[in-house]
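Chains as they are written, first to last, in the working numbering: chain U, 1 to 310; chain H, 1 to 316.
Keep in mind the hints are simulated off the structure, nothing from the lab. One or more hints might be untrue.
Here are the simulated EDC-like cross-link-like pairs (lysine to aspartate or glutamate), alpha carbons at most 16 Å apart as the crow flies [unchecked claim]: (1) Lys5/U x Glu127/H; (2) Lys149/U x Asp138/U; (3) Lys5/U x Glu204/H; (4) Lys158/H x Asp258/H.
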Amino acid sequence: MRHRKYPFIVGFLIIPVVLYVVLVIWPYLQTFGYSLTDWSGASQTMHFIGLRNYTQLFGDSVFRTALLHNMLLLLVLPVVTILLALFFAFMLNVGGRGGTGGVQGVRGAGFYKVVFFFPQVLSVAILSVLFQAVYRTDQGGLLNGVLVKLGVESADHPWQWLADPNFTLWCVMGVLVWSGVGFYLVLFSAAMQSIPRDIYEAALLDGAKRTQTFFTITLPLLWETVQTAWVYLAIAAMDAFALVSTMTPGAYYGGGPNYHSEVMSTYLMRNFITFGKAGYACAMGVVIFFITLILSVVSLRVTRRERIEY
Amino acid sequence: MTTNTDLTTEVPAPRDSPAAPRRPAKEQRFADGGGVLNVFSHGFLALWAVMIIAPLVWIVLGSFKTDAQIGGSAWSWPAHWGFSAFSYAWHQGIANYFANTLIVLVGSVTLTMLLGAMAAYVLARYEFPGNRVIYFFFVAGAMFPVYLALVPLFFMVKNLGQISPLLGLNSYLGLILVYVAYSLPFTVFFLYSFFRSLPTAVHEAAMIDGCSHTRAFFQVMVPMAKSGLISVGIFNVLGQWNQYLLPVTLMQQQHGGDPDRSVLTQGLLNLAQQTGYASNFPALFAGMTIAMLPVLVVYLSFQRQVQAGLTSATLK
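All chains should be built: construct the whole structure from the sequences, respecting the hints.
Structural data, given as structure tokens:
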């Protein structure tokens, strides 16, 4: 086995490792370094200014607004997505009538799974253009069109979804939930399918109701997967860059109207590329990085439970 | 709860004599109190399905409408079924973006799979100093959002372009290498656990028969890892097909005379801008339909593998 082992190892690793270090690791590390400078991004001249970017950052009201929006996303997005996905997954896997046929999903479960998952394979560019059309401010928008048809709003004053300060962030959240639920539904389904059927059947014989079986069997056994989903959604909530920057109004990288949909990532990119404050933007990047890291660690700790073997 | 026939899937309820009570006792327990819940949950499932399908169908229909119809009412039906919007969008650059995407994708997915499998295999099955460190570095890369590295990356690619224009900004190979590099963390992470789970006996037998390490990899391990490679391959195809931030940053024309090498997702946003100014929304909708179609076809043909690939990947 040891015959010419090392040349082989080096030969197989050298290209991937070099590529990865040069194009991924090194740029990430540079971001940390640049966050301590006053680099503009355009030239290579920069001065070391220590932590001044960071102190400036916490006095920046736009950044604080953006941080607040990310926190709002962080509260709403995982909760709504996970609840919907859990409900759908339960219906599609064990929510069907027990009957003599045993435990099964509702009729058409396969069809629903295929349909619900589809937005997951659409790119953000498509999502963005699609929902710009859906949220159009005239009757030609799907949402306003439906609401006018239902008589909820008048045709003369349709809602200005993305341009309305009260709605804009929620519109983006809607898209995130719309496209994300299917993925977590399939994720939870996979976990539910590994729960042995006889547990459900035993509960059924004992006269358990559907909601009871969900809370006493499904949810506890699924806890680890829910936890994973939470971490992924938390990371997504800290990002939201592509949708906010392409969907919401605002000159560079969206975030409007008047910063009402600003998130940290869009403000970061605007500083980076438009304002030529690369060092300052890198400091934001580092803050985002640490918040994300802390969130994942905390959520994994807090939600940790005894692992149930079956 | 008057009847359960339409909701029971497997075993039809035994036909009772007309005199007997309609409600069989035991089997229904599980769903007791579920009458309202059933209607509610079925309604909700159906509603969500409509919410997914309706906007997509609406877009496809929109590509057959006129601009006035699209602006007029969301409920208008196409007046005539022509493909002029499609041909406009196609000639407006979609064809070109499509070709660019395919060129980049063929190169990047092939390279990602090859390099990813090689690295994962060595890390998973060979002991050597530094093994854990390299593995850790690969896995750590999956944690950060790409935009954190974007500007240093931009300058890195720009500098590579000074070595050879084939590698620089707005070059196929440059973007391919960046895609590969950013797909490696996940690919290595996934295939690492996959290669670890494969039995050692076959591999050892091959080695005893005098197989070289390289041959053992290509002729024994890769075929055995086929299912894992397919999962992660689908993941990479979808991920790179839908990539948005990297091409927007790295594939912009640097000078007026440069060829337009926009990829499809990027081109779609260009088209959205153009058609917005020109008020040609049918063309935009047609462009979106063209962009969605291949994904839809691939997804519908491989939906089981796609779902399994994406979820098992996340759970590992």
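So, going through the hints one by one against the coordinates:
1. Lys5/U x Glu127/H: 10 Å, holds
2. Lys149/U x Asp138/U: OK: Lys149/U and Asp138/U at ~13 Å, within 16 Å.
3. Lys5/U x Glu204/H: 14 Å, holds
4. Lys158/H x Asp258/H: Holds. Lys158/H to Asp258/H sits at ~15 Å (cutoff 16 Å).
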